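Colleague: Could you build the full structure based on these sequences and the hints that come with them?
Number of protein chains: 2
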Amino acid sequence: MSTIEDVARRAGVSRSTVSYALSGKRTISRETRERIETAIAELRFTPNAGARALATSQTMVIGLFVQFFEDEFSPAMLQYVLPISDAAREAGYDILMITEDNGPKALERLSSSEMVDGVILLNVAYDDQRLPVMRKMRQPGSMVGLPREPDGFDVFDLDFAASGRLLMDHLAQRGHREVILITPREHVFERGGAYAWRFRDSALQQAATYGIRVHSFFGETQQPAVNRQLNEILDAQLGSAMIIHNDAMIAALPSVLYSRGIRVPDDLSVVGIFSEDFGRIFSLPFTAVETSPDKLGRNAVQALVRRMLDPKDAEAPTLEFIAPTIMDRGSTR
Amino acid sequence: MSTIEDVARRAGVSRSTVSYALSGKRTISRETRERIETAIAELRFTPNAGARALATSQTMVIGLFVQFFEDEFSPAMLQYVLPISDAAREAGYDILMITEDNGPKALERLSSSEMVDGVILLNVAYDDQRLPVMRKMRQPGSMVGLPREPDGFDVFDLDFAASGRLLMDHLAQRGHREVILITPREHVFERGGAYAWRFRDSALQQAATYGIRVHSFFGETQQPAVNRQLNEILDAQLGSAMIIHNDAMIAALPSVLYSRGIRVPDDLSVVGIFSEDFGRIFSLPFTAVETSPDKLGRNAVQALVRRMLDPKDAEAPTLEFIAPTIMDRGSTR
DNA sequence: CTGAAAGCGCTTACAG
DNA sequence: CTGAAAGCGCTTACAG
Chain W
0 MSTIEDVARR AGVSRSTVSY ALSGKRTISR ETRERIETAI AELRFTPNAG
50 ARALATSQTM VIGLFVQFFE DEFSPAMLQY VLPISDAARE AGYDILMITE
100 DNGPKALERL SSSEMVDGVI LLNVAYDDQR LPVMRKMRQP GSMVGLPREP
150 DGFDVFDLDF AASGRLLMDH LAQRGHREVI LITPREHVFE RGGAYAWRFR
200 DSALQQAATY GIRVHSFFGE TQQPAVNRQL NEILDAQLGS AMIIHNDAMI
250 AALPSVLYSR GIRVPDDLSV VGIFSEDFGR IFSLPFTAVE TSPDKLGRNA
300 VQALVRRMLD PKDAEAPTLE FIAPTIMDRG STR
Chain A
0 MSTIEDVARR AGVSRSTVSY ALSGKRTISR ETRERIETAI AELRFTPNAG
50 ARALATSQTM VIGLFVQFFE DEFSPAMLQY VLPISDAARE AGYDILMITE
100 DNGPKALERL SSSEMVDGVI LLNVAYDDQR LPVMRKMRQP GSMVGLPREP
150 DGFDVFDLDF AASGRLLMDH LAQRGHREVI LITPREHVFE RGGAYAWRFR
200 DSALQQAATY GIRVHSFFGE TQQPAVNRQL NEILDAQLGS AMIIHNDAMI
250 AALPSVLYSR GIRVPDDLSV VGIFSEDFGR IFSLPFTAVE TSPDKLGRNA
300 VQALVRRMLD PKDAEAPTLE FIAPTIMDRG STR
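So the sequence lines, in the order shown, correspond to chains W and A. Each residue of the first sequence is one higher than the one before, starting from 0 at the first, in numbering that gives the first Met the number 0. Each residue of the second sequence is one higher than the one before, starting from 0 at the first, in numbering that gives the first Met the number 0.
What the hints contain is simulated information worked out from the structure, not anything from laboratory work. As the structure is a prediction and not an experimental result, all values here were calculated from the model. Treat the hints with care, since some could be wrong.
When chains are identical, the list treats them as one kind, so a pair holds in a single copy or across two.
What the hints assert, rightly or not - Taking lysine-lysine and the DSSO-like style, the derived pairs with C-alpha atoms no more than 30 Å apart in a straight line are:
no., residue 1, residue 2
1, Lys104, Lys24
2, Lys135, Lys24
3, Lys294, Lys24
4, Lys104, Lys294
5, Lys311, Lys294
Modeller: Take a look at the structure:
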């Protein structure tokens, strides 16, 4: 690997001139610039990242914290990770991916060793243990998921409350008076997955205004429990429509419906909340609120990049709830 | 952020002594060591990663190259990424995740800027464009997937040839004489996904030794084409058993079978090749060869760590094919 | 058992 | 328009 010194010698200039040619931070005569450029090309020179980080206090790396919970359905995570990685690269950043169980400790380590210029937290919980660490570190952070005290950070999430209302409206308009609601597992509520109760509570409230009766269940996330529970719920014949806010349950639903000979929407109306990608992978024929993981991920990167570029800029942190949209796949009547 | 200088001053020693206390590379008197340790704790000191990398020429970061192809089913990728990330952390390394389309360019960039100590390539193709870059760089690499010329690298993959034979044996033993084989998409063969033909060709060859007739199809990977094709194939009633080497097709199969009233194994025997995790996520009730993505990922990390620790050690690169094992889920008779 | 100093490869005020 | 030099925060021979 050649260094900036090698380039300078070859081009017959000083190291500083090469550096400035690279950064464009001062004007270089055309002739000198060309000599430098050919030297760089011939030597295949790329600045050493560690040296540059040391000199500039910038690593051009973003720490991405991915959490996997037993009580959640893992395939959904990739839909956030890929757009984030792409958006980061477009902005000139690489992604250091952290999957450690001990998030706070890992955050502390990345921050104090200055390995990253900023971090993105995925799947943030209401009383997320990583938040206290975030408040103390000098690097900015943005997050997907709503914490109890979002102040000071750029927070992005789907508007789950509006989503719950929207789906209930959808069913109310079609005359449904008794609805089955399947939520995430109870444990998700307990450990502070705010999306779970934000969606459920608003759906229940909206149902009340319509006088709709709701039968609510905590859904399972692992087979064979998922199929067993779906069958039990269908056996009970509790309503003319179902709202499913649970990836594992809705992924398993088509085969259960088939096996029971239940036709959608003729025998039962079904709506859900999942991303277009997820729907395609699992061939889900259900009308649903689009969860837009790509948009959430890209927004998180964008906000973070703005803060990393201009740490002084105390521009008010954004708390952005993406408005839900319904993708009608014809599964209601 | 405090530096080693701050620690040294507070402990009343020199910077070098602090550094040696940290690395344990020379004996420090008990008293001095304790003063240093308390100073480190009080200041919450963590060595600056960039400075350390510059001084040692080691970043303690592994570059992980993840490729997503249109012709493949994406949810499977996570099963490799997570075990790799965990194994890397256990060995003291962080993961820089690269998802760029232009793999060779990204590899060049990481290597020449010395951002990583080594790389892992996932989903390697037969004539992978990243290989030529790998040969020129000074960092070691290991890979999952079989390239045309694996020499010089640590390569790990499932033994797909043995897998094809194993499944054909399984069906032959149960008396099947006419078998449907569904492979990856044709495009996977064309772009050099060696796992595709290694599996198919050995299955066909083994069938020939038994005198079994095989109807082979390139499977689709996107809905609604997947369901349509499955229905066409089932309509044709070509055999008493199916071998499916295609994640999207086998994930969609249960609902198609249900909708047609085909019972497994009474009406049709089905075997596949997928990981336990994948089977659980998609609730697949099919006997299958276990693809062991976690083992492959961990082995790749292990081999890479060995080489990173001891670059001189020209120990012969390993080409390891993991022996397939069948997980019997009772879907054959 | 410990310290002073060189060096890793950059960037950027300071000077001309 | 360009160069010499200090400095970023570590590690590690060299010396004692």
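Colleague: Work down the list of hints and note, for each, if the structure agrees.
Modeller: Verification of the supplied hints:
Taking the closest pair of Cα atoms, Lys104 and Lys24 come within 30 Å of each other only across two copies (26 Å); inside a single copy the shortest separation is 38 Å, beyond that limit. For the identical chains of this complex, Lys135 and Lys24 are neighbours neither inside a copy (33 Å) nor across copies (32 Å), given an alpha-carbon limit of 30 Å. For a Cα distance limit of 30 Å, the shortest separation of Lys294 from Lys24 qualifies neither inside one copy, at 34 Å, nor across copies, at 49 Å. For the homomeric pair Lys104 and Lys294, the shortest alpha-carbon distances inside one copy (29 Å) and between copies (27 Å) are both at most 30 Å.
For the homomeric pair Lys311 and Lys294, the shortest alpha-carbon distance inside one copy (26 Å) is at most 30 Å, but the shortest distance between copies (46 Å) is not.
Of the numbered hints stated above, those contradicted by the structure are hints 2, 3, listed in ascending order.
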